[in-house]
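Quick note, the sequences are listed as chains A and B, same order. Under my numbering, the first residue of the first sequence carries the number 19, and numbering increases by one thereafter. Under my numbering, the first residue of the second sequence carries the number 19, and numbering increases by one thereafter.
The reader is advised that the hints may include incorrect statements.
Heads up, the list lumps identical chains together, so a pair's fine if it works in one copy or across two of them.
[As the list claims (entries may be wrong)] Computed list of lysine to any residue pairs in SDA-like fashion (alpha-carbon distance at most 25 angstroms, straight line):
id	residue 1	residue 2
1	Lys167	Arg291
2	Lys167	Asp301
3	Lys222	Asn273
4	Lys190	Trp321
5	Lys32	Gln279
6	Lys190	Gly341
7	Lys190	Gly260
8	Lys167	Val259
9	Lys222	Gln279
10	Lys222	Arg93
11	Lys222	Gly320
Worth flagging that the hints you see were computed from the coordinates, not collected in a lab.
Number of protein chains: 2
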Amino acid sequence: MSASSRINRQVVLKARPQGIPQAEHFELIETAAPEPAEGQILVRNEFLSVEPAMRGWVNAAANYSEPVPIGGVMRSLAAGQVIASRHPDYRAGDAVCGWFGWQDYAAVPVSAVDTRITDDRIRLSAWLGVLGLNGLTAYFGLLDVGQPKPGETVLVSTAAGSVGSCVGQIAKLMGCRAVGIAGGPVKTAQCTDAFGFDAAIDYKAGNLEAALDAACPEGIDVYFDNTSGAISDAVLSRLRVGARVVICGTASIGNWDPFPQGPRVERHLLVKRARMQGFIVLDYQARYPQARAALSHWVHEGWIRHQEDILEGLESAPDAIAGLYRGENLGKRLIRVHQD
Amino acid sequence: MSASSRINRQVVLKARPQGIPQAEHFELIETAAPEPAEGQILVRNEFLSVEPAMRGWVNAAANYSEPVPIGGVMRSLAAGQVIASRHPDYRAGDAVCGWFGWQDYAAVPVSAVDTRITDDRIRLSAWLGVLGLNGLTAYFGLLDVGQPKPGETVLVSTAAGSVGSCVGQIAKLMGCRAVGIAGGPVKTAQCTDAFGFDAAIDYKAGNLEAALDAACPEGIDVYFDNTSGAISDAVLSRLRVGARVVICGTASIGNWDPFPQGPRVERHLLVKRARMQGFIVLDYQARYPQARAALSHWVHEGWIRHQEDILEGLESAPDAIAGLYRGENLGKRLIRVHQD
Numbered sequence: 019m020s021a022s023s024r025i026n027r028q029v030v031l032k033a034r035p036q037g038i039p040q041a042e043h044f045e046l047i048e049t050a051a052p053e054p055a056e057g058q059i060l061v062r063n064e065f066l067s068v069e070p071a072m073r074g075w076v077n078a079a080a081n082y083s084e085p086v087p088i089g090g091v092m093r094s095l096a097a098g099q100v101i102a103s104r105h106p107d108y109r110a111g112d113a114v115c116g117w118f119g120w121q122d123y124a125a126v127p128v129s130a131v132d133t134r135i136t137d138d139r140i141r142l143s144a145w146l147g148v149l150g151l152n153g154l155t156a157y158f159g160l161l162d163v164g165q166p167k168p169g170e171t172v173l174v175s176t177a178a179g180s181v182g183s184c185v186g187q188i189a190k191l192m193g194c195r196a197v198g199i200a201g202g203p204v205k206t207a208q209c210t211d212a213f214g215f216d217a218a219i220d221y222k223a224g225n226l227e228a229a230l231d232a233a234c235p236e237g238i239d240v241y242f243d244n245t246s247g248a249i250s251d252a253v254l255s256r257l258r259v260g261a262r263v264v265i266c267g268t269a270s271i272g273n274w275d276p277f278p279q280g281p282r283v284e285r286h287l288l289v290k291r292a293r294m295q296g297f298i299v300l301d302y303q304a305r306y307p308q309a310r311a312a313l314s315h316w317v318h319e320g321w322i323r324h325q326e327d328i329l330e331g332l333e334s335a336p337d338a339i340a341g342l343y344r345g346e347n348l349g350k351r352l353i354r355v356h357q358d
Numbered sequence: 019m020s021a022s023s024r025i026n027r028q029v030v031l032k033a034r035p036q037g038i039p040q041a042e043h044f045e046l047i048e049t050a051a052p053e054p055a056e057g058q059i060l061v062r063n064e065f066l067s068v069e070p071a072m073r074g075w076v077n078a079a080a081n082y083s084e085p086v087p088i089g090g091v092m093r094s095l096a097a098g099q100v101i102a103s104r105h106p107d108y109r110a111g112d113a114v115c116g117w118f119g120w121q122d123y124a125a126v127p128v129s130a131v132d133t134r135i136t137d138d139r140i141r142l143s144a145w146l147g148v149l150g151l152n153g154l155t156a157y158f159g160l161l162d163v164g165q166p167k168p169g170e171t172v173l174v175s176t177a178a179g180s181v182g183s184c185v186g187q188i189a190k191l192m193g194c195r196a197v198g199i200a201g202g203p204v205k206t207a208q209c210t211d212a213f214g215f216d217a218a219i220d221y222k223a224g225n226l227e228a229a230l231d232a233a234c235p236e237g238i239d240v241y242f243d244n245t246s247g248a249i250s251d252a253v254l255s256r257l258r259v260g261a262r263v264v265i266c267g268t269a270s271i272g273n274w275d276p277f278p279q280g281p282r283v284e285r286h287l288l289v290k291r292a293r294m295q296g297f298i299v300l301d302y303q304a305r306y307p308q309a310r311a312a313l314s315h316w317v318h319e320g321w322i323r324h325q326e327d328i329l330e331g332l333e334s335a336p337d338a339i340a341g342l343y344r345g346e347n348l349g350k351r352l353i354r355v356h357q358d
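Let the hints inform the model, and build the full structure from the sequences given.
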């Protein structure tokens, strides 16, 4: 079967959402699979990534990447196989991970490849999660921005998620006490039982302040903030002197237009000589190989465990981001589009 | 005249304020001047310091120093002369700066001495301002926390004040563009004319956002924040990628109980990979000598200019802090209690 006779299903952006993208903002269309141009490769996707950051990629507001155009294929990392190559460095059968979009087939320049996968000890899907942007986010956010020291208390929100669970486990590797915040008893049990957190707090159970006091009796040295909102407000009054707050995501904020109000942070930062710092993993690209070497070693040794939440088929893609924000996933959310 | 026959006028804390301390929270009393105990020195104060941070020193809420007790002499740095010594390292006539309080005479252990003044090229009062906590605050806050690089835009609020004016001048020495925010045309003119800021913004003139856009067309790399509040909210949406916000004071916030609300900062920090960091100059004590060497060199060379706002007599002390928050001072506020 030649590439041109293949159908390429694509999920395209139909309308620009205000806030969190829902199923109705996307459309599943069918086109003919592309042919690779000179210098390009043709990739057949096996797994597509779903991330909270996708909310930013489809919003029109100035952000750290150009918005996906209306009618364009949804931007996404994906993992798959090269099935045709017109570039001398790649050949059919190579496993690759890169910016291939929410579709079956992608004809792309090799600059779209993020990782060429040569370490087959770890399954392909992991390169979109614990060895992908999620693990890299945890690695650079915690180690570079949070700078945890042995014996310190590291608190992370959305702790059962793909970033949060990795943050907690790296914190443990660094000799810290790891405390997670997650929604519901299933996720908190996962934090302590599967990921080895010292304690986990169910923010949906109410009485968050008392739960934080019990789990972090000496206060918090590093707060890896994936949520913002009421959870962060409760955490900020419990920072220790010299604390670092790593701003990684704002999952609890549905809309930043207009900016929601919250208690001012300056007094906490001043009295505690504390720091809040935002970061974006894409700024650390030059150091991805170093981080992936560490992460793949830790995964291979079993020191970092990871969990996947796999949706079947491209038709599950349009609602997949909204589902993340509804908190329905357990682990890294992926979409499986082909099986070998 | 023996010390015991001298009258010692003292300003004591009469009632604990909510928010900014006013004249009625203090009382001027008269006692007999103390005698130095073994190991102590007796200091006759010449200048007393008045600082915005004093608000925190008299508030009951947990802060970075123990609150001044009701009935206690108001804590303050002061500069004066040793008039009697029962410590082998000091003798009458030595000029000293230290924690001597709002009073005429202080009998203190030598640990209360912050600086022994041996450089008489610079007048005594300067050791409470540009060579005292104000200059040190500017030095460590800008250089250590703000980390300005040549060519960057450094913005400072309360720019005509003793800290702000020093921040702007150090920024210029470091090769930065310095922009000040101050209240009223007199202070903004002082910023550009006396202190060499590249531009100054009168926040009381209205249209702060447009004024910021005009003065900082490429955005702000370092914001030295002495105010919090509406000024900071306008600044935060104009940060450049990688910006540093130095949280030094919160002059525009009258009361932190309950915490006032403001627009959430997380999105700015995330999109701009920016940092907000609180700091307290007292944490840098080990490095004061290094900073004072630099500052006194700059002052002596005329590269850093400073201005003083001197109130006459201890009776002006009770209202002096409130006056700072009313913005009535031009330069470092001091109280002169004795003249040689």
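Checked hints:
Proximity of Lys167 and Arg291 under a CA criterion of 25 angstroms is satisfied in both settings, with 17 angstroms inside one chain copy and 22 angstroms between copies. For the identical chains of this complex, Lys167 and Asp301 are neighbours both inside a copy (23 angstroms) and across copies (19 angstroms), given an alpha-carbon limit of 25 angstroms. Within a single copy, Lys222 and Asn273 get their C-alpha atoms as close as 21 angstroms, which meets the 25 angstroms cut-off; across copies the closest is 31 angstroms, which misses it. Proximity of Lys190 and Trp321 under a CA criterion of 25 angstroms is satisfied intra-copy only: 9 angstroms inside one chain copy versus 50 angstroms between copies.
Within a single copy, Lys32 and Gln279 get their C-alpha atoms no closer than 31 angstroms, and across copies no closer than 37 angstroms, so neither meets the 25 angstroms cut-off. Taking the closest pair of Cα atoms, Lys190 and Gly341 never come within 25 angstroms of each other, the shortest separation being 29 angstroms inside a single copy and 51 angstroms across copies. Taking identical chains as interchangeable, the C-alpha atoms of Lys190 and Gly260 lie at most 25 angstroms apart only when both belong to the same chain, with a minimum of 20 angstroms there against 29 angstroms between chains. When the C-alpha separation of Lys167 and Val259 is checked against a cutoff of 25 angstroms, the pair qualifies only within one copy, where the shortest distance is 14 angstroms, while the shortest distance between copies is 27 angstroms.
Within a single copy, Lys222 and Gln279 get their C-alpha atoms as close as 21 angstroms, and across copies as close as 24 angstroms, so both meet the 25 angstroms cut-off. For a Cα distance limit of 25 angstroms, the shortest separation of Lys222 from Arg93 qualifies neither inside one copy, at 32 angstroms, nor across copies, at 46 angstroms. When the C-alpha separation of Lys222 and Gly320 is checked against a cutoff of 25 angstroms, the pair qualifies neither within a copy, at 31 angstroms, nor between copies, at 61 angstroms.
When each numbered hint is compared with the structure, violations occur for hints 5, 6, 10 and 11.
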